[in-house]
Amino acid sequence: MTERVREILSGYGADNPGTLTNLARLLNTGRLAGTGKLVILPVDQGFEHGPARSFAPNPPAYDPRYHFELAIEAGCNAYAAPLGFLEAGARDYAGEIPLILKASNHDVTGSEADPSQALTATVEDALRLGCAAVGFTIYPGSTHRMELYEQVRALAAEAKRHGLAVVIWSYPRGSGLSKEGERAIDITGYAAQIAAQLGAHIIKVKLPTAHIEQDAARKVYEQEKIPIDSLTDRVRHIVQCAFNGRRIVIFSGGEFETDESLIGEVRAIQEGGGFGSIVGRNSFQRPRTEAIRLLTSIMNIYGPLRGSA
Amino acid sequence: MTERVREILSGYGADNPGTLTNLARLLNTGRLAGTGKLVILPVDQGFEHGPARSFAPNPPAYDPRYHFELAIEAGCNAYAAPLGFLEAGARDYAGEIPLILKASNHDVTGSEADPSQALTATVEDALRLGCAAVGFTIYPGSTHRMELYEQVRALAAEAKRHGLAVVIWSYPRGSGLSKEGERAIDITGYAAQIAAQLGAHIIKVKLPTAHIEQDAARKVYEQEKIPIDSLTDRVRHIVQCAFNGRRIVIFSGGEFETDESLIGEVRAIQEGGGFGSIVGRNSFQRPRTEAIRLLTSIMNIYGPLRGSA
Amino acid sequence: MTERVREILSGYGADNPGTLTNLARLLNTGRLAGTGKLVILPVDQGFEHGPARSFAPNPPAYDPRYHFELAIEAGCNAYAAPLGFLEAGARDYAGEIPLILKASNHDVTGSEADPSQALTATVEDALRLGCAAVGFTIYPGSTHRMELYEQVRALAAEAKRHGLAVVIWSYPRGSGLSKEGERAIDITGYAAQIAAQLGAHIIKVKLPTAHIEQDAARKVYEQEKIPIDSLTDRVRHIVQCAFNGRRIVIFSGGEFETDESLIGEVRAIQEGGGFGSIVGRNSFQRPRTEAIRLLTSIMNIYGPLRGSA
Amino acid sequence: MTERVREILSGYGADNPGTLTNLARLLNTGRLAGTGKLVILPVDQGFEHGPARSFAPNPPAYDPRYHFELAIEAGCNAYAAPLGFLEAGARDYAGEIPLILKASNHDVTGSEADPSQALTATVEDALRLGCAAVGFTIYPGSTHRMELYEQVRALAAEAKRHGLAVVIWSYPRGSGLSKEGERAIDITGYAAQIAAQLGAHIIKVKLPTAHIEQDAARKVYEQEKIPIDSLTDRVRHIVQCAFNGRRIVIFSGGEFETDESLIGEVRAIQEGGGFGSIVGRNSFQRPRTEAIRLLTSIMNIYGPLRGSA
Amino acid sequence: MTERVREILSGYGADNPGTLTNLARLLNTGRLAGTGKLVILPVDQGFEHGPARSFAPNPPAYDPRYHFELAIEAGCNAYAAPLGFLEAGARDYAGEIPLILKASNHDVTGSEADPSQALTATVEDALRLGCAAVGFTIYPGSTHRMELYEQVRALAAEAKRHGLAVVIWSYPRGSGLSKEGERAIDITGYAAQIAAQLGAHIIKVKLPTAHIEQDAARKVYEQEKIPIDSLTDRVRHIVQCAFNGRRIVIFSGGEFETDESLIGEVRAIQEGGGFGSIVGRNSFQRPRTEAIRLLTSIMNIYGPLRGSA
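Chains as they are written, first to last, in my numbering: chain A, 1 to 309; chain B, 1001 to 1309; chain C, 2001 to 2309; chain D, 3001 to 3309; chain E, 4001 to 4309.
No wet-lab data here; the hints were simulated from the structure.
Beta carbons: idealized from backbone N, C-alpha and C, even for Gly.
Among the hints, a few may not be true.
To give a feel for the contact side, a few chain D residues facing chain C, derived at Cβ under 7 Å [unchecked claim]: (1) Asn3016; (2) Gly3018; (3) Thr3021; (4) Ala3024; (5) Leu3129; (6) Thr3289; (7) Arg3293; (8) Leu3294.
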């Protein structure tokens, strides 16, 4: 157990040793084990965007076993997916990588200004599948956000009592926000704060832009001269918004990125004190060897330690 | 136990032996026993469309015993129906054919753009009736889809804990889709994926057309040159969308079909690697002997094995 | 146990000794211990207004430990916050200050005429974190108020059975009121009454203006010559509206105040027979030493007793 | 919060902040607040020995309020009693002293070689009465001891989940032991260990004699030259047996003692590193002023701090 | 995941992936990670024999933290202890070594011909403490054995549903057996079989002697010429009795052993195909460096792999 991992765990004093054990598993697995950094492979796009859009660019990815193997081979800290994908591999890969059960999901078979999420799995599912954590998505900005916060409340309390960790994907969306506002710095910070206040152990947000969405916020950003010009500055601010570094906050980039821009973003996350990346489409939508190469490049930026695990 | 059945069961590693036993029952019953193919008789149209529309064309079908006997005599793998129909025959035909309790239903006594389903039976009902599986319908595309996914969540977890299999009828409908879109290839693939991610063991979809409903999907289908011109191609794609063949996916045709078109569809399902057919109105709305003859023709296409079980 | 605290507790005859014990803890902690007066530090603005707007003016306040320490050092009676902030310090500061778990929250990521609140924590959370009370916000005037009253009903009953105290933040807002009406004397008195009738042990309202919102009320205020000209008069009236002094009612000021105006308000609260202040942004948005100085000034007005604890 | 209290709390890392808060309350109340030492008044003798034997020597002690007042006035850390006694004063003295609900009891209306205990109160009772802890008696040596350990198992888990502390009175008795053996050094150490292993936060044992009861133990005491000649040595050994000082262990003396012998015992407890005394009959069976004087003398031995809290 | 571990896990096909994950954790931790062999540190002797008899030979072992550190430093696969000992370190060492909660215990404060066990912890305790398994002791031969089997039945089912592994200490004792019979080859084989039939994932027995206790068994051992002369033969027979190698069975030696005899026993376990050792008193009753040395010697016999983990 490295000093850094111990330091991170010390922020979770209200949690029982079971939850700490699962947080430690997430932090002590893979190529970044012990560094306090995480790279997580999430594959919920089959549910969220549809299978062809998600997997046709790299057809082996239609197979649920593919993602377990990709995450293990690349040395990720964890693999996150909905119930069906985890059920389809949990026995074959038992004990090989920490699993995060994405217990709420949304699809795009309808289109609504204000998205919501359906609960699609239970805490007992997470236990029987051997997961280290359960995950939920919330949509700050949606008119349904209150229901989503209450979903988290019910299941997170149950998860914590049973020694699981809780991950919140905090994605601002909905009629309360402009399109640009979904990734605005003020809104992203707010989204991170809400997830933290709801009791998340790990928070996932998108990398923010320098746009400021809300007038009341802009006044403060300008008055207090909060630095948000560079991506590094913005990452630093988001970490601050997530309890000043006492909650693990990880970032995803956008949909279509060059490897250069992605690597640049990872550097900014590392320099800004972020805890890591969640890399989905940018990894599983390319051939496996290329994906491994990319994930390795990313981990090399985060990780002073090598070969651990 | 044939190699093929063993191979299919290997995809369900997270399920307990009770559920595997029930899946094996479904796969090892009837004329197709052991082939890995299924032909299922579903009779929920009395609830879904009304009795006269469903049974007047063949009045013996008003009698619940009729369908048990049809399914048994034709050598189907299973018979699926709502609570009432199963209660009306479960004792008389106990042990003669695997039963699937259709535990959610919709009627057309009202008409709404966005359909939903009522839970109409319990897991305990399925156990006391000796069923092998419980079934639910979801409507991707409906504004009520989130509630439907949550219905599945609660009951599927309970069903699996009690060793039952879970069948999901995944029928795109609702204001999120055009009429044509309900059977579009992209939407059907998406519907299969959603059912699989929700943890279904068996997925039932309608045979898709070559229509593409969503722009974001069309881009991918064109870019990746996904073959969807022939029905065989489309079946193959749907199987891919259902965890690349690691989930049982079966198909139904449309409402009014000639026997020739139906047989043609079955050939396409077989050639495209589908797991079988669910044949309702096309079988029970004609005289029994004709129905048997049709079902036999269908099974002859699927089944290299004879007289097993 | 001072006579005054005993007198206050005598108003809560239907509550069990567990709840009385927790009320006594709130009244017997800090510099005002035993006086019957309370100064509470509430920090839910990170959730309610966003982190930058809340904490950027005094960046150490991003850290959840900051607020525990501020409340303890200043000698507050209690510290109130949402789940995440309490979880982040409850072990480290266990037993040092009574905690109030703010179990419902609202954010401003959407903007709606009629605000609501999401339940964000449970009574079991309050017990495992060692809290003395749970708190909820209601919005009299909102179309959602009935749901909010029902939230209180369910959780307050559970809280009381487990020996916790119940605090209600009663904030008139919504399409039923004019902007001015939100702080009108009649509406504020009404809001205090509703909270008291819902079974709150402690009621938090904003300091009212002399505006009268409702015609039916104005008639009475004029007829009965209810004195509402001075702030002291208005505080006295609110205390009257909260069961004539038999429910603890505390006040907050507005957002941007000079220290002078704030101190003037506290004098009015004290002279009007109010039970104390809840001071959030006016304390944690300035450097710690200045915050301590301000809180000390406030407590000096309320408190004839010194140095107790 | 003194360093010593913080150090003691650090031994309870598996407990939630609620339980830590209640342990802190016990350690931070009364004349010994902050010293890490406890003097607790227990009055379960009315149940255990009968009222006349217990209270006739000092008739005001028949009144349940007497004991609350005695404990408060003397500056005890806590008052422990069965359900009835606590119910009879919990409202009147709410918030004045931490309460320990003795949730199991034994009487002497029958006489048996192997005593047992009846569960006489619930965790919910403890919460509604505002208790800081629940207490149980176990009888190592009794043929009923297994049932008693299982009583603790069920209720202690529930108590801990609700943020309460757990006190075990560990009294060796029964046909497995000689009369002398009930206070033997080996058996007392064993009794402390069992209570600790059952998950007690606070353990109460009787001051041990130098007698060794079990042959298998004697061999070790002699071989390892464990010092047990003086009472101080024996206290030190018991503290060691209770997880080497990482569990709070407090002591009671015998039935008929002179004040001198009692004071001598307290000195030995203090010198041996014990955490304090539980003083029942020696305090409440004498006039109140004398009892206060005696308890004050005892506290003076334990307590370097004065006048705190 | 080594082939050997995969092979071992394949024997547990009825268990859910959660339980497999925890079995994998036990097999993939420490110096023997991946070899399919286990060395476990069990410390329940404080409860079972008393603290002085257990810890006085090496006084640092009175401290619960000592055993966590010993197990971690020595590279054991797991640490097993009762509730109290695990609670006292589970937070400080969270994630450093798999824990086995010994959920039933016996003491020797009474002496009975027919021993029993008290349930002393719950499955929820195991989850909140982050344990990989729960453990129980059964006493084949005791008149209380039926109650003990029923203890296992209730809790093992709950443990498995929640993804935990189940360890059974199967210790023949009681009036049904002679003293010599407690370690007889027939009785030990029988004890292993009973534990396996009760659904244990891991079985712990004592190394058997060549004595045969039961006449009916002797007849078969002689007739079938079952080789039991050497310890290696006897280990091989016990492994056979535990489902022919498809259940993990580990061995303990006796109380007073020389290192030479202990090492000899380990060689026999290794040669006979046993899965490993559980080493309690022989490790923690000597100074830490000597204990590490001994455990290392033992692991060197079992383990072809080095430095893994």
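Results for each hint:
no. : hint    : in the structure
1   : Asn3016 : 4 Å, holds
2   : Gly3018 : 4 Å, holds
3   : Thr3021 : 3 Å, holds
4   : Ala3024 : 2 Å, holds
5   : Leu3129 : 5 Å, holds
6   : Thr3289 : 21 Å, violated
7   : Arg3293 : 23 Å, violated
8   : Leu3294 : 24 Å, violated
In summary, the structure is inconsistent with hints 6, 7 and 8 from the numbered list given earlier, while agreeing with the others.
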